[in-house]
Amino acid sequence: MNAQTRIEPVEAVASAEPAIRFEGVAKTYPARGAGGAVSALCGIDLDVPRGSVLGVIGRSGAGKSTLIRLVNGLEIPSSGRVVVDGIDVSSLGGARLRQVRRSIGMIFQHFNLLSSRTAYGNVALPLEIAGVAKPEIRARVEPLLDLVGLSDKRDRYPAELSGGQKQRVGIARALATRPKVLLSDEATSALDPETTRSILDLLASINRELGLTILLITHEMSVIRAVADHVAVIEAGRIVEHGDVFDVFTRPKHETTRSFLGQESGRALPAIVRDRLRPEVQPGGSAVLRIVFRGPHATDPVLSQISRELGIDLNILSGSVDEVAGRPFGTLVVGVPSDPATLSRVQVFLAQRGLDTEILGHVS
Amino acid sequence: MSLDFLSPVILGLVLDATLDTLWMVALSAAIATLIGLPLGVFLATSGRGELFAAPAANRALGFVVNATRSTPFIILVVAIIPFTRLLVGTSIGTKAAIVPLTIAAAPFVARLVEGAIREVDAGLVEAARAMGASPLQIVLKVLVPEALPAIVLSLTLAIVSLLGFSAMVGAVGGGGLGDLGIRYGYQRFMPDVMALVVVVLIVLVQLVQSTGDRLSRRLNKRLRHA
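Order-wise, the sequence lines are chains A and B. Numbered according to my numbering, the first sequence spans residues 1 to 364. Numbered according to my numbering, the second sequence spans residues 1001 to 1226.
If we strip away everything but chain B, and leave its shape as in the complex, we get (with noise of 0.2 Å):
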């Protein structure tokens, strides 16, 4: 096996890469966190008799959640190619990727966000209503801080996904390590550099995940800390 892959060419090729996807995912998570977050909260808080009790728009909304989720990312790509367009200008390239990437990823938190949110005592929602707060001081007050955790983790595993996901937009012109990947290692038969960005794909997993971990157990004080 030749060592080509750490000349300076393919190495700066690396390095554009993983900061197109680091930008790519970093982006997305964030839009996707701005949409997902209220949403989630609303999935979990508008079911009848609930706080913010909207059945109708909680069904709607549950729809809309689960069609864009049980759309596969590619052809969800190439599905909203004239929105994407409408929205940014081009439908090919880097930039252009982030809104498919953050129209899949959105209704992803939704779902985290609401599952976590659920999981907070309804005991502590009675004791909330009870000292006499309204809805959206029990969303702020109580049930945002007590399932932040859990969001973190949520978003941990969001960005994890945007990961595997930013792999695939190559596909419409996106850049990034998938399609470093698959055009050099694939198309060109270099396996060395395939070898490479997978080597720094699960580097980039691990630190995700460990720095969600850490942040999530730092923020957890139903454990006890020594």
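Pulled out of the complex, with its shape left as it was, chain A reads as follows (with noise of 0.2 Å):
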């Protein structure tokens, strides 16, 4: 058994049918003014399994907020399907809508708590509107208070609370209703880092204890890493890449998931490399080698085995092993000498131990 049995989600036996299917979706807003019509979303197909996380990373305007409004009907596709739990909620409206709505739940970025009530009255909010009898809102906004650590809170108007715990109510609000659903708008977008850390290490145990599914828009690498499992990549409305969170960290494919990594560890360039840097190989120098080393190979004494059986020099400019997705994942960058013999040779030893390499440039 590996880390993905542990816990499996209540209902994850009843079908493998996912939480949430985007069937050729596409949104376009209808013309305003003298601009045309702007396509905000085009042939999206994206299933989140049911009990993951998938997390969408985009910049903004790339069309991750209508995809996320999509799901629970506060967008409508203007083609395409969006199903949930097995609902067409693209072709729902009215109190059929607002029933399925209660089964999905939603936090944002800036909390939209009411001000006007404390943090058990806005954890009440969604019962009141399901028509919940009072006993009954009571004995769920207590658990729900204590599960994200606020019991002592219960009665502090938001205006009282720091980012964090604003967040922590919108989370216990979202969970009221228990959807089956959450949806996760820019959740710790507005937070500090180590508050951030927090907000996502609940989501995750969420995740975990209680098998719920969770789609989560995000413009932080970061953000994807310490909690999806999946991970899918938007660009000017259109999906560019996903897969499996390790496999994209690992191996990005496409242009714009790589310059959202490049901020994550092992990917940045020490300055004193990078302003040295230069695309065409320069005579006598070195080239710029990244290798990768995934899952099994992390820990490999890879250029050790190359200054000993080819006789060729290594120089180690960075480099950092980590986990992603709980598993092993290494980088080195290290400067070899340019002319094309030796580093082929490099390359093709490399290759041949599964290692992935990719030339950064040339420095003198």
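The set of hints was computed from the structure by calculation and includes no laboratory data. Owing to the predicted nature of the structure, the values given are computational and were not obtained by experimental measurement. Glycine residues also receive a C-beta, built at the ideal position from the N, C-alpha and C atoms. Don't take each hint at face value.
Example chain B residues on the side facing chain A (calculated, C-beta under 10 Å, incomplete) [what the hints assert, rightly or not]:
#1 I1010
#2 L1022
#3 K1095
#4 E1126
#5 Q1137
#6 P1145
Starting from the two chains in their separate frames, assemble the complex, guided by the hints.
Structure follows, in structure tokens:
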């Protein structure tokens, strides 16, 4: 048994049908004034497996906000279908849609708490809306405040809470109606790094313990890395890359993905190297090579093997060993003598051992 | 300057006039709120793409509100005399004055309430929609409670304006402080009565404003309370 099978959600056995499925979804906003129609999303096919955490990453304006709002019908697709838990949300309206929305929780970047209600009152709101009786509301809200660690802030108004505490109230509120799906709209973008960490930990534990499916959107790879199982990269209304978080982190295919990964560990070059980097070969200089160690190879002593077996000395410029989605992953940036013969021997040697390499440029 | 205005007769007149003013203003403010509050909510929520989207009705109501508000109060008082007579059976006196006061104040309240509702963060409406709230629930559980501090300030402003308007209804035989000031202070050359009337009005306005401010502050949970 591995980590994948630790705690299965209760309904996982029921069907392999995804919790959320986008089928050929497009969203076009009609022309306004002089401007033409705006296409926000185009040809979106995406499954969010039950009990998983899928992170959608994109820049502002890429269409990720529209994407997440299609799930609870805050936006209606121009074409295609959005199916949540077997129900085609895009075809619903009125009371039926409101009913479905109660099985989908949502948290927001700016929390969107009512300033006129206490923490308790905010968590109680979705239950009041659903027509739950007072004693039942009480019985549900108290444990939720407990779950998010805010029992002692029960009677505080949002103005008296910190950003992290407000988002905890937001999470408790989103869970109040016992949803199957949680939508997270840039939930940590307004928080400092430490608070972000604690909120993401909370989301991860909710996913694990309640088996809740989470769809989150963000513009930060660190968020994806901290909680997501799968990642979809969105650019100009299209999904340009989609896959397992570990795979996408260690073998990014699309330019946009690479640029999002730029700041992540092991990918940022030290300034002293970056500033000297040139695209063309520098005579008598070195090629700068990035070696990516994935999973089982992450700790292989290849550098000493190269110097021993090939008699080539490599110059270590930067490196790190890290963990992504619970699996080890290392990167090493080395300087290799830039004559083509030497370079290709090194690359072949590394490729034979299943390691990925990428030439970043040349230094003199 | 004589101290005639302290005579029991004069003081009695001022007291009566104050009570007249208070009840005219209180009653017209209450009715104007009953009419203006829902109208204001409707104005704020019926634009294109909004909760109760009804752009045509929104524009029509907006026009009526603007028309009423641009009519000078004294003209409004005279212009609606037939309507007033129909409603209360007479067009003269304090009771009759309540009709134009209400009709002038209701659109004012509606616009102020509209502004207060529009100030509510759109994110809250989105959150409520995401929870599965109906439009009516959004109004009752989100918009009105969140706008309440601003609505209280708006009503305070409306009451203060009504105190001013009420001084003009003497023209149609409505009683109250303004009427007293004109008839005794101006027409009978009793500046001391005029002064007393002004002092009473100043005190009333101060009381209304400070009560409204205090209530609004108490309702506003956006501020940290020590």
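Does the structure break any of the earlier hints, and which numbers would those be? 1, 2, 3
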